[in-house]
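Based on the provided sequences and hints, a complete structural model is requested.
There are 2 protein chains.
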Amino acid sequence: MTLESFVSVSNNSDFPIQNIPFGIFSTSDKSTPRVGTAIGDKAVDLSEVAKAGLLDGVQGLNDPVKIFSESSLNTFMSLGRPVWRATRLAIQDILSKDNAKLRDNSELLQKVLVPLTEVKMHLPARIGDYTDFYCSREHATNVGIMFRGKDNALQPNWLHIPVGYHGRASSVVVSGTDIRRPAGQKLPAKDAKAPVFGPSGRLDIELEVGWFVGKGNNLGEKIDINDAQDHLFGLVLVNDWSARDIQAWEYVPLGPFLGKSFGTSISPWIVTMDALEPFLVSGPVQASPEPLPYLQENKPSAYDINLEVQIKPAESSKFETVTVSNLKHMYWSVTQQLAHHTVNGCNMRSGDMGATGTISGPEKGSYGSLLEITWSGRDKIAFENGVERTFLQDGDEVKITGRAGKDSSLGYNIGFGECSGKILPCLYQ
Amino acid sequence: MTLESFVSVSNNSDFPIQNIPFGIFSTSDKSTPRVGTAIGDKAVDLSEVAKAGLLDGVQGLNDPVKIFSESSLNTFMSLGRPVWRATRLAIQDILSKDNAKLRDNSELLQKVLVPLTEVKMHLPARIGDYTDFYCSREHATNVGIMFRGKDNALQPNWLHIPVGYHGRASSVVVSGTDIRRPAGQKLPAKDAKAPVFGPSGRLDIELEVGWFVGKGNNLGEKIDINDAQDHLFGLVLVNDWSARDIQAWEYVPLGPFLGKSFGTSISPWIVTMDALEPFLVSGPVQASPEPLPYLQENKPSAYDINLEVQIKPAESSKFETVTVSNLKHMYWSVTQQLAHHTVNGCNMRSGDMGATGTISGPEKGSYGSLLEITWSGRDKIAFENGVERTFLQDGDEVKITGRAGKDSSLGYNIGFGECSGKILPCLYQ
Ligand SMILES: [Ca+2]
Ligand SMILES: [Ca+2]
Ligand SMILES: [Mg+2]
Ligand SMILES: [Mg+2]
Ligand code: NI
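Protein chains in written order, with our numbering: chain A, 1 to 429; chain B, 1 to 429.
FYI, nobody ran anything at the bench for these hints, they're computed from the structure.
In this text the structure is predicted, and so the values were computed from the model without any measurement.
Hints are not guaranteed to be accurate.
Copies of the same chain look alike in the list, so a pair counts if it works inside one copy or between any two.
[To be verified] Here are the simulated lysine-lysine pairs, DSS-like style, with alpha carbons at most 30 Å apart:
| hint | residue 1 | residue 2 |
| --- | --- | --- |
| 1 | Lys-318 | Lys-215 |
| 2 | Lys-51 | Lys-364 |
| 3 | Lys-299 | Lys-193 |
| 4 | Lys-422 | Lys-215 |
Written as structure tokens, this is what we have:
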């Protein structure tokens, strides 16, 4: 039986009834942010669906009106996977073409369905902590070659540890938020002895996928690797904007800081792990070395999700693709990242976010940062009409999209919407 | 005129009427956390003071009952320094021996004053983000010598940048919370090629001072150095517990992660910048090199605060002092840390926390970590009755205290209470 909705969904839509992502939105006539899902080109106001009693009786979802009237998903996220799953199935049922309850209630439909073009999206969660990983072998190798040469490209720990570092939660913003070019300390020349202050001249993107913690863990206890997937609420697209000149000068020995913390963009709809389950595949072989036992998984844990980065240069009127990559290239899985993160007893809270690190594939056309695509600024990227770029200029717009199952035989796509942002000029010289 | 309270305050107290720190507490008969201050050996329930109308009319403090009935200081912190100042002065007035309003109202006194021994302290704020700096020249030099030798002790950026990195906010805990020894990846020997998994064998402390952001800044805008002090709500003591073996293996190239995120303890009472103003002194000379203009301050910005670390080994019955240091040794001031942190446009939110990094003084007796005191485990620390330590053992207790004006002629001390924690055995082998 194919699941089908009475809401029309084009073949190419990111949001068929099989998806049912969760997000926070508001509308011009009701500015209070609330919980919604997306289907076709419509947002579905789940607070209205709940008020109509259509979510009554979902196992474990006590007080759906309250939970879906909140301005973040944190409470819903804290309920755990059985509840997320039951809720998603209930929503699919409500939206299915065979269910008359909403379909034939035109007054309710009016309140529940809003064109996606008319909604304002907000951050889906209050993000307590944000952690950025560095888990693509191709990306780590490329960066390593540029900085340390081919023979020492990967650091000694890289094949043992899903390397990560704490990021800045306050500056995570939702897709569509403008990004201000940061100023900071940078070296005026590669072998300069003293830094100068000024706007970053090497403003870059990082193509990443983010994961949200649903149910957390207590301080002092770990999340077991075999349990990790159930703790994940879902995935989003991430652009981890990076100022390479600021980063290069500051990062030794304690890691990236102001080169990253001026902004991190995420797509607004969290696509659930349940929706993505059909796209689980085996990731890269981890045999030499084998991971330590706490990182060993006994089932596929990579996701086949196509990822694309497009840029619209300031002087251009159209987006052009600069890279096509895939989440399945990632050496360390998102579940390995979560298990590692908590093995020291670090506590996760509902709404905490991780990001994979830049997802580069094996060829130049699949590199996830301008640093790699231009090989540290050596090779220009050619756009139409003679426009060229190494790093981002003011007014440039960047858009990341992602879609599972592009070539699958399932007959539908699970998409992520978009993660976009535009560069504003620096305020400080 | 000397300010004096009708509440008795011993000569040696951390909390004279000149202090008026802010914290969150609860009591056995009322488990709802609420805002309080401390005077002598009493906590003062500010929600009850407000309910009695004694804080009515404080400029800018609208709805003091609501604000002081909250379970965190975030709202109060967001009001800005003029309001914090007016509130502190009003509280001093209410507690002064010449004011009969509270003094002679025995029924109200009963509700307002609670012995400090009977209160349970909570985290003073919802900490959105926590940033750990590395701003003691002596500490950075000591660590540098151990890792890279004397000639390359300080990294090239160190004298230009208040080096910092994002920490983990979820695992910041209030003084008195037990700390679970973390497990993780570590090298079995210095030149080993592959890591093993197990409990950290080099569990350490870091003596630090934390600062809380009161009023924040918008994403994309900076906090000017000359404005920075007014954005700070106050200071606390910090023990940034560190697992040196985990940290050493993981930290290249993205910085400390699981070696830190298992727990960070803070003292419960935030001492305001206004209370500390009499203890402002000039910090170390910053002449070679001069800081970039955005880091230049035109007034004293170091604080003369004595800091002491005591340890009670598991097999012992008393605390013994292992280090005595002072915040004034710090090369980069807390205001320089805040100005640097935001110069890229990174937004601060009320309740965000920074920590100075380990505060080591010039001599061995003033080093702020066991790593330095034992010179990486080479020299044992001798306690009474033949007890010895290099790093912490299960059951060991650590207590940090801090006090401004120990030898000042002001006639009072501004103290911080204590920041303590006990090591529990690791759960995972
Ligand atoms: Ca990144
Ligand atoms: Ca530290
Ligand atoms: Mg970022
Ligand atoms: Mg810590
Ligand atoms: Ni300001």
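Outcome of the hint check:
1. Lys-318 with Lys-215: Neither: 41 Å inside a chain and 41 Å across chains, both beyond 30 Å.
2. Lys-51 with Lys-364: Neither: 51 Å inside a copy, 66 Å across copies.
3. Lys-299 with Lys-193: between (51 Å within a copy, 28 Å between copies)
4. Lys-422 with Lys-215: Between. Shortest inter-copy distance 28 Å satisfies the 30 Å Cα cut-off; intra-copy 33 Å does not.
Going down the numbered hints, you'll see the structure goes against 1 and 2, while the others check out.
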